[in-house]
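Enquirer: Given only the sequences and the hints, what does the whole structure look like? Please build it.
There are 2 protein chains.
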Amino acid sequence: MSAPLTIVARIEARLEDVQRVKAELISLIEPTRAEQGCIQYDLHQDNQTPQVFVFYENWESRELWLRHMESEHLKRYSVAIEGAVASFTVNEMNCVR
Amino acid sequence: MSAPLTIVARIEARLEDVQRVKAELISLIEPTRAEQGCIQYDLHQDNQTPQVFVFYENWESRELWLRHMESEHLKRYSVAIEGAVASFTVNEMNCVR
Numbered sequence: 001m002s003a004p005l006t007i008v009a010r011i012e013a014r015l016e017d018v019q020r021v022k023a024e025l026i027s028l029i030e031p032t033r034a035e036q037g038c039i040q041y042d043l044h045q046d047n048q049t050p051q052v053f054v055f056y057e058n059w060e061s062r063e064l065w066l067r068h069m070e071s072e073h074l075k076r077y078s079v080a081i082e083g084a085v086a087s088f089t090v091n092e093m094n095c096v097r
Numbered sequence: 001m002s003a004p005l006t007i008v009a010r011i012e013a014r015l016e017d018v019q020r021v022k023a024e025l026i027s028l029i030e031p032t033r034a035e036q037g038c039i040q041y042d043l044h045q046d047n048q049t050p051q052v053f054v055f056y057e058n059w060e061s062r063e064l065w066l067r068h069m070e071s072e073h074l075k076r077y078s079v080a081i082e083g084a085v086a087s088f089t090v091n092e093m094n095c096v097r
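Protein chains in written order, with the working numbering: chain H, 1 to 97; chain B, 1 to 97.
Just so you know, the hints here were simulated from the structure itself, not pulled from any lab data.
Note that the structure is a prediction, hence the values are computed from the model and not measured.
Cβ coordinates follow ideal geometry from the N, Cα and C atoms, glycine included.
Any given hint could turn out to be false.
Residues of chain H clear of chain B, computed beta-carbon distances all greater than 12 Å [unchecked claim]:
#1 L15
#2 G37
#3 C38
#4 N47
#5 M69
#6 S71
#7 H73
#8 L74
#9 A80
#10 I81
Restraint-style ranges between C-beta atoms, simulated for each label pair [claimed, not checked]:
#11 B:R33 - H:N94: 16 to 24 Å
#12 B:L66 - H:S2: 36 to 44 Å
#13 H:M69 - B:E63: 34 to 42 Å
#14 H:E60 - B:A80: 34 to 42 Å
#15 H:D17 - B:V90: 24 to 32 Å
#16 H:M69 - B:E82: 35 to 43 Å
#17 B:S78 - H:A3: 27 to 35 Å
#18 H:E60 - B:A86: 26 to 34 Å
#19 B:Q40 - H:E60: 15 to 23 Å
#20 H:G83 - B:S78: 25 to 33 Å
#21 H:S71 - B:S78: 37 to 45 Å
Expert: Right, here's the structure in full:
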C-alpha cells in the first residue's frame, strides 16, 4: 500500500529553450523538497546533451507523489514551460537494492 | 578535472530474459559499491514495465567511473547477458542541485 516509490523523470528541452526550462526546473526544487513524503529530489543535466534533464526522486509512497503531481508549483511550472519541452517521460520504479 | 559524475543507465531486458538480466544486474551491486570512487549505486525496476531497469549512480569523478567500466565484474556481466538485453543507454550527468 504505502511502499516507497522512485521516480526517474526525463525532460528534454527544445534547444532554444534550455536555459528557460532549466530555471523553471530549479524553481521546483525547494517547494518540492518541503512537501510531505519527499525523501530525495535531485535535478541533473546531461554533460553531452545539455537539453536533457533528469529528476531522480524518492517518495515515501505513490499517494504522496501523486499529491505532488497536483501541487500548485507543478501547475505553475506546466504553464511556464508550455511549448519549450520537446519530450517528457516518467518512470515509476522500485529500488531493488 | 575531478568533478563528481552522476550516471543514469537504462537497461531494457528482452521480455523472456527479465529474471536472468535482473539477477546479473544484482550481482554487480556489491563489487561496484566496493570500488574506489563509488558514492551511490542503486538498482531500480519499473513498476509498469518490469523489463526496464535503471542504475542511478554517483561517482567521485569520471576517471573512477571509467575504471569501473573496465572492471572484471562488468566484463563478466557483459558476457553473461549477451543476447538478453534489448537496449542500453547511459547518460553522463551533473547534479544541478
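Enquirer: Look at each hint and say if it fits the structure.
Expert: Each hint tested on the structure:
No beta-carbon of chain B is positioned within 12 Å of the beta-carbon of L15 (chain H); the least distance is around 17 Å. Under the 12 Å C-beta cut-off, the non-interface status given to G37 (chain H) relative to chain B holds; the minimum distance is some 17 Å. With a cut of 12 Å on Cβ distances, C38 (chain H) stays outside the contact zone with chain B, its closest approach being about 14 Å. For N47 (chain H), the requirement that its beta carbon stay farther than 12 Å from each beta carbon of chain B is not met, with the minimum near 5 Å.
A cut-off of 12 Å between C-beta atoms confirms that M69 (chain H) is not in contact with chain B; the least separation is 15 Å. At the 12 Å boundary, the C-beta of S71 (chain H) stays outside the reach of chain B, the nearest C-beta of that chain being 18 Å off. Every beta carbon of chain B lies more than 12 Å from that of H73 (chain H), the smallest distance being close to 15 Å; the non-interface claim holds. Remark: the non-interface label on L74 (chain H) is consistent with the geometry, its nearest Cβ contact in chain B lying 17 Å away (cut-off 12 Å).
A80 (chain H), annotated as away from the interface, keeps every beta carbon of chain B farther than 12 Å; the closest lies near 17 Å. With a least beta-carbon separation of about 16 Å from chain B, I81 (chain H) lies farther than 12 Å from that chain, consistent with its non-interface assignment. Hint check: R33 (chain B) to N94 (chain H), Cβ distance near 19 Å, so the stated range 16 to 24 Å holds. Checked against the hint of 36 to 44 Å, the pair L66 (chain B) and S2 (chain H) passes, with Cβ atoms roughly 40 Å apart.
Checking the proposed 34 to 42 Å range against M69 (chain H) and E63 (chain B) shows it holds: the Cβ atoms sit about 38 Å from each other. With their beta carbons about 35 Å apart, E60 (chain H) and A80 (chain B) fall inside the hinted range of 34 to 42 Å. Roughly 25 Å separates the CB atoms of D17 (chain H) and V90 (chain B), a value that falls within the hinted 24 to 32 Å. Between M69 (chain H) and E82 (chain B) the beta carbons are some 39 Å apart, a value that agrees with the proposed interval 35 to 43 Å.
One distance hint, 27 to 35 Å for the beta-carbon pair S78 (chain B) and A3 (chain H), holds here, with the actual separation near 32 Å. Checking the proposed 26 to 34 Å range against E60 (chain H) and A86 (chain B) shows it holds: the Cβ atoms sit about 32 Å from each other. In this structure the supplied range 15 to 23 Å holds for Q40 (chain B) paired with E60 (chain H), their Cβ-Cβ distance being about 19 Å. At roughly 42 Å, the beta carbons of G83 (chain H) and S78 (chain B) sit outside the given window of 25 to 33 Å.
Remark: the range hint 37 to 45 Å for S71 (chain H) to S78 (chain B) is upheld by a beta-carbon distance near 42 Å.
Violation of the numbered hints given earlier is confined to hints 4 and 20; the remaining hints are satisfied by the structure.
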